[in-house]
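Q: What follows is the residue order along each chain.
Number of protein chains: 2
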Amino acid sequence: MGDEVKVFGHWRSPFGRSVEAVLKMKGVPYEYFEEDLSIKSPLLLKYNPIYKRVPVLVHNEKPIGESLVILQYIDETWKDNPILPQDPYEKAMCLFWAKFIHEKCMHALWNACWGLEDKEKAIEESLDHLKTLENELKDKRFFGGDKIGFVDIVANFIGFWLRALQEVVGLELLTQEKFPNLFKWSDEFVNCDIIKENLPPRDKLTGYYQAHLASSSASK
Amino acid sequence: MGDEVKVFGHWRSPFGRSVEAVLKMKGVPYEYFEEDLSIKSPLLLKYNPIYKRVPVLVHNEKPIGESLVILQYIDETWKDNPILPQDPYEKAMCLFWAKFIHEKCMHALWNACWGLEDKEKAIEESLDHLKTLENELKDKRFFGGDKIGFVDIVANFIGFWLRALQEVVGLELLTQEKFPNLFKWSDEFVNCDIIKENLPPRDKLTGYYQAHLASSSASK
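If you read the protein sequences in the order shown, they are chains C and Z.
When we follow the UniProt record's numbering, the leftmost residue of the first sequence carries the number 1, and every step to the right adds one.
When we follow the UniProt record's numbering, the leftmost residue of the second sequence carries the number 1, and every step to the right adds one.
Bear in mind the hints are in silico, worked out from the structure with no lab data behind them.
Hints should not be assumed to be uniformly reliable.
Intra- or inter-copy, both count: the list cannot distinguish identical chains.
Straight-line distance between alpha carbons at most 30 Å, and here's what the computed DSSO-like set of lysine-lysine pairs gives [as the list claims (entries may be wrong)]:
| hint | residue 1 | residue 2 |
| --- | --- | --- |
| 1 | K91 | K6 |
| 2 | K6 | K131 |
| 3 | K131 | K62 |
| 4 | K138 | K40 |
| 5 | K52 | K178 |
| 6 | K26 | K99 |
| 7 | K131 | K46 |
| 8 | K196 | K79 |
| 9 | K46 | K184 |
| 10 | K62 | K140 |
| 11 | K40 | K131 |
| 12 | K147 | K99 |
Produce the entire structure from the sequences given, and follow the hints as far as they go.
A: Pasting the structure below:
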């Protein structure tokens with residue numbers, strides 16, 4: 001097809017990893033560019049001058065930023081293994097939950113773990129949001145039903161990053177006792193071949209979190 | 001078709017008005033429910049238990065929340081007068097700008113006008129964001145080209161509400177001198193028949209803003 005696909009990401013960014021996961025699910029070859037988040041590269045600034053952040057997908061020299069927009073674009077451009085339903089209502093529900101996960105859950109979970117703002121309130125909110133997802137998932141294997149869909153991909157932070165992060169900072173947010181459905185889902189999710197091969201190494205991630213925790217404790 | 005369409009909104013909510021505008025553009029009859037934002041009605045809580053806010057679209061008893069999700073659903077369900085392009089890249093660009101307007105612009109503009117957080121910084125950010133939109137619009141009549149599209153609808157706050165609000169709080173953000181393209185666009189936008197008939201009365205809106213300003217000044 002002569003498609004040239006580039007992904008600008010960072011090894012520990014769940015947003016970039018979600019873009020890569022979907023390209024892999026659809027069998028779309030791409031070239032990966034690791035960005036140094038402390039120094040914005042000229043290419044990143046060229047391709048995403050508005051947000052200046054990863055991930056960016058560049059398809060035949062046309063750039064797209066913002067992972068939820070990118071994921072929808074990929075699904076509409078390469079039709080194999082669709083991650084969004086065709087039915088407009090079911091699709092709207094996926095977009096709704098994706099927005100909820102990105103805007104509400106991840107914000108609360110990040111604050112709960114790093115205590116940037118009101119930590120106790122953030123913990124409470126995080127547990128509320130996880131409960132909401134627990135009820136939405138019910139006894140389904142994945143949010144997408146029998147197979148991984150848009151919401152699963154978007155929830156990758158909860159499926160993998162959160163369990164590593166909560167261990168480092170000493171919180172019990174996503175546990176088997178509190179959220180059995182979601183906990184089981186996270187095990188299923190990270191053990192899918194395409195997801196598994198596309199995750200950052202757990203030791204490297206916890207090492208980064210430990211170092212970050214030590215440096216933020218030292219500066220308090 | 002037997003379609004039953006309900007919209008839960010609030011008279012001064014640009015998000016609810018955007019949903020109504022698109023239904024009107026597509027000739028979809030709907031029943032409107034005005035919500036009292038201080039008392040969440042049982043119906044609102046039933047239909048949007050996650051966010052508990054307007055707008056909500058209920059189509060044949062199936063509820064959808066979050067205006068960007070609702071607008072996309074409407075466009076996919078009722079095909080007349082499409083507001084999103086068919087081409088996946090052009091569509092992705094619309095979704096990107098819509099997100100930018102909702103998340104970055106409106107947040108900064110609201111803070112600039114009401115001074116909730118760092119007012120000076122918010123003013124600076126607002127001007128930056130308006131400049132970004134000015135450059136994106138260029139000499140096009142609408143963001144959608146010759147006719148109103150998704151981005152125009154989502155930018156309705158900038159087209160109408162902002163000019164009323166900045167007048168009340170005594171700021172000059174969107175002016176003809178600073179942003180001639182965007183200023184001209186806002187005139188064109190509010191004078192389109194379907195948009196015009198769907199806006200809140202300007203006097204009522206400025207009256208509300210004046211009262212809100214007086215009460216927040218008194219409580220300082």
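Q: Would you mind marking each hint as holding or not holding in the structure?
A: Results of checking the hints against the structure:
Within a single copy, K91 and K6 get their C-alpha atoms as close as 26 Å, and across copies as close as 19 Å, so both meet the 30 Å cut-off. Taking CA atoms no more than 30 Å apart as the test, K6 paired with K131 passes between copies only; the shortest distance there is 29 Å, against 37 Å inside one copy. In this homomeric assembly, K131 and K62 come within 30 Å of each other (Cα to Cα) only across copies, at 22 Å, whereas the closest approach inside a single copy is 39 Å. In the homo-oligomer, the alpha carbons of K138 and K40 lie at most 30 Å apart only across protomers (27 Å), although the nearest pairing inside one protomer, at 42 Å, exceeds that limit.
In this assembly of identical chains, the alpha carbons of K52 and K178 lie at most 30 Å apart only when taken from different copies (25 Å versus 38 Å within one copy). In the homo-oligomer, the alpha carbons of K26 and K99 lie at most 30 Å apart both inside one protomer (23 Å) and across protomers (26 Å), since each shortest distance falls under that limit. In this assembly of identical chains, K131 and K46 lie within 30 Å of each other by CA distance solely across copies; the values are 18 Å between and 41 Å within a copy. Only within a single protomer do K196 and K79 lie at most 30 Å apart by alpha-carbon distance; the minimum there is 23 Å, versus 40 Å between protomers.
Taking identical chains as interchangeable, the C-alpha atoms of K46 and K184 lie at most 30 Å apart only when they sit on different chains, with a minimum of 29 Å there against 41 Å within one chain. Taking the shortest alpha-carbon separations for K62 and K140, only the inter-copy value of 21 Å comes in at or below 30 Å, while the best intra-copy value is 37 Å. In the homo-oligomer, the alpha carbons of K40 and K131 lie at most 30 Å apart only across protomers (22 Å), although the nearest pairing inside one protomer, at 37 Å, exceeds that limit. Proximity of K147 and K99 under a CA criterion of 30 Å is satisfied in both settings, with 20 Å inside one chain copy and 28 Å between copies.
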